[in-house]
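Colleague: Given chain A, work out where chains B, C and D should sit, using these hints.
Protein chains: 4
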Amino acid sequence: MKKCKLDLTLEAKPIHDECGVFGMYDFDHGDVASSIYYGLFALQHRGQESCGIAVSDTRGPKGNMLSYKGMGLVNEVFDNDRLSDLHGDIGVGHARYSTAGESIYANSQPLVLNYVKGTLALAHNGNLVNANELRARLSETGAIFQTTIDTETIAYLIARYRIHSASVEEAVSRTIDDIKGAYSIVIASPRKLIAARDPFGFKPLCIGRRDNTYVVSSESCALDTIGAEFIRDVLPGEIVTISPDAGIQSDTSHCLPEDKMGRCIFEYIYFSRPDSMIDGKSVYEARIRAGRYLAQDSPVEADLVVGVPESGNAAAMGYAMESGIPYGTAFYKNSYVGRTFIKPKQNARESSVRVKLNPIRSVVEGKRIIMIDDSIVRGTTSGQIVSMLKEAGAREVHVRISSPAFRYPCYFGIDVPARDQLIAYRRTEEDIRQLLGADSLGYLSLDRLSQMVDDLAICKGCFTGDYPVDPPEEDIRGKFDA
Amino acid sequence: MKKCKLDLTLEAKPIHDECGVFGMYDFDHGDVASSIYYGLFALQHRGQESCGIAVSDTRGPKGNMLSYKGMGLVNEVFDNDRLSDLHGDIGVGHARYSTAGESIYANSQPLVLNYVKGTLALAHNGNLVNANELRARLSETGAIFQTTIDTETIAYLIARYRIHSASVEEAVSRTIDDIKGAYSIVIASPRKLIAARDPFGFKPLCIGRRDNTYVVSSESCALDTIGAEFIRDVLPGEIVTISPDAGIQSDTSHCLPEDKMGRCIFEYIYFSRPDSMIDGKSVYEARIRAGRYLAQDSPVEADLVVGVPESGNAAAMGYAMESGIPYGTAFYKNSYVGRTFIKPKQNARESSVRVKLNPIRSVVEGKRIIMIDDSIVRGTTSGQIVSMLKEAGAREVHVRISSPAFRYPCYFGIDVPARDQLIAYRRTEEDIRQLLGADSLGYLSLDRLSQMVDDLAICKGCFTGDYPVDPPEEDIRGKFDA
Amino acid sequence: MKKCKLDLTLEAKPIHDECGVFGMYDFDHGDVASSIYYGLFALQHRGQESCGIAVSDTRGPKGNMLSYKGMGLVNEVFDNDRLSDLHGDIGVGHARYSTAGESIYANSQPLVLNYVKGTLALAHNGNLVNANELRARLSETGAIFQTTIDTETIAYLIARYRIHSASVEEAVSRTIDDIKGAYSIVIASPRKLIAARDPFGFKPLCIGRRDNTYVVSSESCALDTIGAEFIRDVLPGEIVTISPDAGIQSDTSHCLPEDKMGRCIFEYIYFSRPDSMIDGKSVYEARIRAGRYLAQDSPVEADLVVGVPESGNAAAMGYAMESGIPYGTAFYKNSYVGRTFIKPKQNARESSVRVKLNPIRSVVEGKRIIMIDDSIVRGTTSGQIVSMLKEAGAREVHVRISSPAFRYPCYFGIDVPARDQLIAYRRTEEDIRQLLGADSLGYLSLDRLSQMVDDLAICKGCFTGDYPVDPPEEDIRGKFDA
Amino acid sequence: MKKCKLDLTLEAKPIHDECGVFGMYDFDHGDVASSIYYGLFALQHRGQESCGIAVSDTRGPKGNMLSYKGMGLVNEVFDNDRLSDLHGDIGVGHARYSTAGESIYANSQPLVLNYVKGTLALAHNGNLVNANELRARLSETGAIFQTTIDTETIAYLIARYRIHSASVEEAVSRTIDDIKGAYSIVIASPRKLIAARDPFGFKPLCIGRRDNTYVVSSESCALDTIGAEFIRDVLPGEIVTISPDAGIQSDTSHCLPEDKMGRCIFEYIYFSRPDSMIDGKSVYEARIRAGRYLAQDSPVEADLVVGVPESGNAAAMGYAMESGIPYGTAFYKNSYVGRTFIKPKQNARESSVRVKLNPIRSVVEGKRIIMIDDSIVRGTTSGQIVSMLKEAGAREVHVRISSPAFRYPCYFGIDVPARDQLIAYRRTEEDIRQLLGADSLGYLSLDRLSQMVDDLAICKGCFTGDYPVDPPEEDIRGKFDA
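Residue numbers (this note's numbering), protein chains in the order written: chain A, 621 to 1102; chain B, 621 to 1102; chain C, 621 to 1102; chain D, 621 to 1102.
Next comes chain A alone, as it looks inside the complex (with noise of 0.2 Å):
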């Protein structure tokens, strides 16, 4: 039986979402940046690479953002002398995730800045697929662009566009015709919250309410911390604008009939904390129905099913539960490692993949068991993690897979790696169990996908390579399909 050879890092997943945003907006002028880092702190795992608060003062002049910003997690970034410094009833919060080479200051959210109207801080998550055209097309009447962000694309177009409206929403309306991609926006303007998401539905966002402060986050697990109650989801392409005049006012002129939308699986699948609900649907509850369904489909005599922490989890108990067999845990995963741990060498003694997780030989030894993960990337990890099993007297390891086959780039806001460093790209399920050293292997089927959420529509670009919208030509072509 081959063995997996590849390179292994500490970082357990290698497909990562981009952001997590927050928005409140206190009609009884109460400061809010306390609140929204708590928000954030509960948006921690949407992205740990920078993170930032701005806020204005609704009565004060329309010049007056106070923000900071930073690189690292929100407990790191903010104190108490910052986080008191920045006085204001209304503001939004961002926490980031990038790819290496972004990875830098002058890309950290939210954007603040000055336009014809007084000022905007705009905090984005998602990913433009027109991007390039729009930048160039702005910049040849004379932008300049200062990050290498969607956002400020975003900002550039709501700029222009107010000068002939109305009203900052309607200029949004506007800038919402020209972007196409993914994205959930939430934009403080001096005297509105808004928020809007595009209509395909890509990245969550929901609204919610603390006596007279609003609320809009990327996720409704945020609203839990800061003890605010769920009011509802921001509809695939709707505008909220909220404000004390009006209260929640909805601009639904985006929005497209359902079975048009393409919310991201991903969200359900791995991304979004368990305690979120999106669209209506438990993400918990989506990963114990996986399980459920793996079960049912891809049956095996066994006595214990594990999961591979953290992710695979809950999709085990949904196996343990229909199938009968216990569950039980197989692994110790070390928590400790944080931005500055020194990786092994390569020609180092020390296992790469056991300073993060490590087999408890007394539960595996002599068993055969049943393991459980949301997905397989690259497949190196999970090789690994077959053989420690292996190693630690596992008789037999079967894997499940809470996903179909992940065969294409996506898009949309994950950072995926280029495509022929997928373990499924050309390669049938027979292959890919070799090479991980399983003794079965199942995945879940796509139909099973669309179950798992009773039937909301979903892009599935990533396992079957259609798009709800066409993706960049320039991408397809160069890097993904060598």
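In case anyone wonders, no lab produced these hints; they're calculated from the structure. Among these hints, one or two may not hold up.
Any copy, or any two copies together, can satisfy a pair, since identical chains are not distinguished.
Keeping only pairs whose Cα atoms sit at most 20 Å apart, straight-line, the calculated EDC-like set for lysine to aspartate or glutamate is [said to hold, decoys possible]: (1) Lys880 x Asp701; (2) Lys965 x Asp699; (3) Lys737 x Asp651; (4) Lys1010 x Glu849; (5) Lys963 x Asp651; (6) Lys682 x Asp1090; (7) Lys965 x Asp705; (8) Lys965 x Glu1016; (9) Lys737 x Glu753; (10) Lys800 x Glu858; (11) Lys953 x Glu930; (12) Lys963 x Glu1050; (13) Lys737 x Asp1086; (14) Lys987 x Glu905; (15) Lys682 x Glu753; (16) Lys880 x Glu858; (17) Lys987 x Asp705; (18) Lys812 x Asp651; (19) Lys963 x Asp701; (20) Lys682 x Asp648; (21) Lys965 x Asp701; (22) Lys1080 x Asp705; (23) Lys963 x Asp705; (24) Lys800 x Asp651.
Modeller: This is chains B, C and D only, laid out in the frame that chain A set:
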């Protein structure tokens, strides 16, 4: 029903162990600092306040110990430059927890010193009960103390006994005649690595090997991390001397009969990593068993068994296995709380406990829940977690604790609140149940405690007030018995 | 005699320049970042709040500018790793001073941006008087501003004019038609290094060369530091374009006749380094001359001439040379005050001024002292220094100032206190003398000011209120004329 | 003419003093930490590697010393929070310089310890010549050493003698019987502030007072800074005990006759601040005198006298006064070099010396220059400065040194290069002149050295090899006499 009103901190568990120790000796003279780093990383859960590594070259001059220590986690204190400066084939490392007042640089370990025979580096886990007495005695003959840690007292005794001893291990042996309490010590002398464990075996300590390199570690999990093979535990009371001349030499003259020993049962219940083996028993299995015993002794009809993460999860799985009731996850635990995290203010709207732990409503709603935790100390967190479950819609919450009621102080290295702050202090189980707001409450019985570890001799002092060694008099009258 | 009661900060001089700029282009394609670092180090006295370096490779793609910026001194912001990451043969650097409110990361320079023709990096020293007007005009056509620095306004204009210009230098030329005020700019475009100085020559700017590398610098001293040879000053109003194709190209279409120019005389009096030459005049010699003129115009019998360190020393030497009275040092100046220095509290017993400046009693005792300073702004420090000398036993203290009385605001880049805080505002020389507690007081006359620099055309606005360019209207009515 | 080829570092002077000490006792029980901070700030020139403050409350329990120490400058180590935590009415502070190998946290001072009578905090400036002997003796009776500083040895002796002494000052007195070498010590005991100076008076130490607060300081300048009045110097050999009961008590039993003393003349020549008085002599005046003597003994026709900044300036002024040749500034010295400054690489085009020191061409050109420096150690910097002056156009450069030729090691606290690296080692004055490339060279004579300080008894060991105390044998044979 009376509700719990006490303070809640972000620290889920108000009891703490004191340290992890790690030692290495490469007979082939390779540098050991890098492997000690990974060893400490695997022991990080035993102490997060400060850490340090000291190494020396056994072929160099006897006074040449290199060391680096700092406040914070292993990955914060060390970087590549610092590690690669630490050349030496013998060394010890330490990860430290301490109570607030003593959390200062001067108290970080290993303690490195020059004495009549060159250098020594000492790392210590535990607590002496006669430290004040020994310090007074040493002071009266001119000793000066630059720290407040027991390690310095031990070092002084070794230095003084070394004058008239034939070897450093003989000086260690005579020191052991003097010191009382809990101690697992690792010492690097100019040419020998020495490990000693107190006669009661309070704290774990084991020996491993990687090719020609010998390793001593608080827990076996750290051997896995660095790719070393487990050899055996250091016996309670044993002094092990490791050197190229004599290999592993054992002095068992201080060993007691098995029935006199007093291993800290909290190492199995809570402190140690589940993937460690201590004195032949798997920590994970002990926890699973505790859950099974609870299912047998305190059964209750319910829909789901959940653990309070992370420490209650294994016992919850054991309960699920035994009872046949499904195991699930009721909470999301936010793991991004760092040292600089800003705690919500008392009057803030952010829920202190929800910042760290958020119930998954879809799991909990309408269900009868068995909630397993490893212990209840003050009871504040447990009470809040019960209410969170109820607020999230749980129909019933049945609390089961995988240890007996915690009623007495610990003098051997566990940092516990003052006795009158313990929820079980002068309260019946029914009082406690009411205070928690639970529908039923069950503790593990004292008999089951011993069964968990196949009747190994253990210390049950914190449950019974009977200790293997007499505690210091002043403490009993003073701090604890209000 | 009335004593001076005003506040004293540790900052000896309450006026500040705004920046140092530095640019390099190595036609042999070596990396320039390291030399820019030393260049900025030599210009550090011009700005200590933030600094940055941007470089690009003229042979690489046009959108590939690498930059690093940070708050603090050059030696705090850059380390070896950061410098060596900055590969590129063309680049600009900047050291920045700013008033408190704007001392934020977003305002640090160089400004790096993408525009229709690739990337630009701009570094700017000076102050535009029509910035608000230009920003408003740009905003009305959709511009967004992410900083509050004039550099961004200049960048926008260049980007817009570039659309219909044949070259970047043509766009710079058209930009110069629009902007009014003080500016010395260095710009790195994908293939050219461009330097421009405003037509009045407010701020210095010069060109140097080291082998095949061209250098542009605020002051000539930075050329010495990096081993470059001084070529010439950039002319007031000149645009210099440096490229391998055309060498140094000069556009003098904006140049004014010499008598219209308005070099900032404070560059000679105080801001620039004494080892710099500006427009053919030695800064050190100008200061020596000022001292000589004072000796001629305001002679007094005395035992010793001393300077208020460091800025008064050269003029004091000039006074000593001319008068024959010996030159000495009356003060020790503590140079260890860093950014984090804790200022003595108002009610503390520590003398705020003595923390930084302590008189040498043995020098002063019983002597008649001529104390030379370059300027008096608020007068608080000067008054305290006079009293210190008296307390240390000086029989007489005769104050001589090597510039005229400072009475008006500066609109061209010097940060000055509000007008009613200037000691010379609405006070006679005799009033000021009394306020300082001096035995006599002498200022340099306006005529002598021009003689200092051989009658070069200079701006005397802060002494006379007559400026070479009209200041912005709102400022005159608002802030300064209480 | 042979040119100097040796390395040059940014550190202008390769000799260093070792420390500044400062102690305070407020009989009115106010906190002293803040004033100690300013005191250390005034002594920062004596040591920049680490610093610390220890305080205790004389009305509190005897074991309650609070301290904070750190690597770096006073203003880097302390912030407001740290200072305000240090409550106590008695305390000592220390600023430390050390040779590279020992620049570690463990060696920072004050040394704080518990001993039989409570706590002690010690701060020490100097070097013992019998430290190894004393350490060996103490080790043989069981002492352990956690640092490599003499302060620990002194502390041990005090602790041991205290057992059979009636008071701590008696223990200090018996300690002084044992230790040989240079030491100025300040000690805070639970109820007394003690200061002691070695019988030769190598290092300065003086006493001051501010209202009811007593102060002990290495130099008098620190008294000025905190607004205290100078009372007197501590006598060489004197032990001063300060307490509310007895005020200032003096024990002069170890004092020697004046002609046996050996004050370090380099305190006057270079180390101390010019605004300090040591043993009744002004440091500044001594330097002025040295310059005057040089003018008398080594006259030469020239146009300008300049000092090598900062240490040569005062002697240059003295030379100018005596000779009538004008005094000027020939160099700009960049004061922004911090700890993290990146030194130019050997092969870089940046001139290492010009980064720090740049000649002012307009001053130097065409002139005959007398260049005064306080000493020549390796001669590398001096040689480069001479060439810089010549390159800047000086017609002649006449070097005058305000001390005799430095030829022997110092055993009393000055860190000097190995003897064969001293330029004067086995070289004639003419050899040295050629090596420097100077047109003439003159040293101060040994006789003039004593005259500088009105024939106070001084140590001339580094010039003559004759020391007031015998140096340790091993050093003489080992390191220095190659």
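Colleague: For each hint, tell me whether it holds in the structure or not.
Modeller: Structure-based check of each hint:
{"no.": "1", "hint": "Lys880 x Asp701", "result": "neither (47 Å within a copy, 50 Å between copies)"}
{"no.": "2", "hint": "Lys965 x Asp699", "result": "between (35 Å within a copy, 14 Å between copies)"}
{"no.": "3", "hint": "Lys737 x Asp651", "result": "neither (23 Å within a copy, 43 Å between copies)"}
{"no.": "4", "hint": "Lys1010 x Glu849", "result": "between (47 Å within a copy, 16 Å between copies)"}
{"no.": "5", "hint": "Lys963 x Asp651", "result": "between (42 Å within a copy, 17 Å between copies)"}
{"no.": "6", "hint": "Lys682 x Asp1090", "result": "neither (39 Å within a copy, 28 Å between copies)"}
{"no.": "7", "hint": "Lys965 x Asp705", "result": "between (43 Å within a copy, 16 Å between copies)"}
{"no.": "8", "hint": "Lys965 x Glu1016", "result": "neither (31 Å within a copy, 51 Å between copies)"}
{"no.": "9", "hint": "Lys737 x Glu753", "result": "between (26 Å within a copy, 15 Å between copies)"}
{"no.": "10", "hint": "Lys800 x Glu858", "result": "within (14 Å within a copy, 46 Å between copies)"}
{"no.": "11", "hint": "Lys953 x Glu930", "result": "both (8 Å within a copy, 11 Å between copies)"}
{"no.": "12", "hint": "Lys963 x Glu1050", "result": "neither (32 Å within a copy, 51 Å between copies)"}
{"no.": "13", "hint": "Lys737 x Asp1086", "result": "neither (41 Å within a copy, 35 Å between copies)"}
{"no.": "14", "hint": "Lys987 x Glu905", "result": "between (28 Å within a copy, 14 Å between copies)"}
{"no.": "15", "hint": "Lys682 x Glu753", "result": "between (32 Å within a copy, 17 Å between copies)"}
{"no.": "16", "hint": "Lys880 x Glu858", "result": "within (14 Å within a copy, 60 Å between copies)"}
{"no.": "17", "hint": "Lys987 x Asp705", "result": "neither (57 Å within a copy, 45 Å between copies)"}
{"no.": "18", "hint": "Lys812 x Asp651", "result": "within (15 Å within a copy, 48 Å between copies)"}
{"no.": "19", "hint": "Lys963 x Asp701", "result": "between (34 Å within a copy, 13 Å between copies)"}
{"no.": "20", "hint": "Lys682 x Asp648", "result": "within (18 Å within a copy, 50 Å between copies)"}
{"no.": "21", "hint": "Lys965 x Asp701", "result": "between (40 Å within a copy, 14 Å between copies)"}
{"no.": "22", "hint": "Lys1080 x Asp705", "result": "neither (44 Å within a copy, 40 Å between copies)"}
{"no.": "23", "hint": "Lys963 x Asp705", "result": "between (38 Å within a copy, 17 Å between copies)"}
{"no.": "24", "hint": "Lys800 x Asp651", "result": "neither (35 Å within a copy, 40 Å between copies)"}
Hint violations for this structure: numbers 1, 3, 6, 8, 12, 13, 17, 22 and 24, all remaining hints satisfied.
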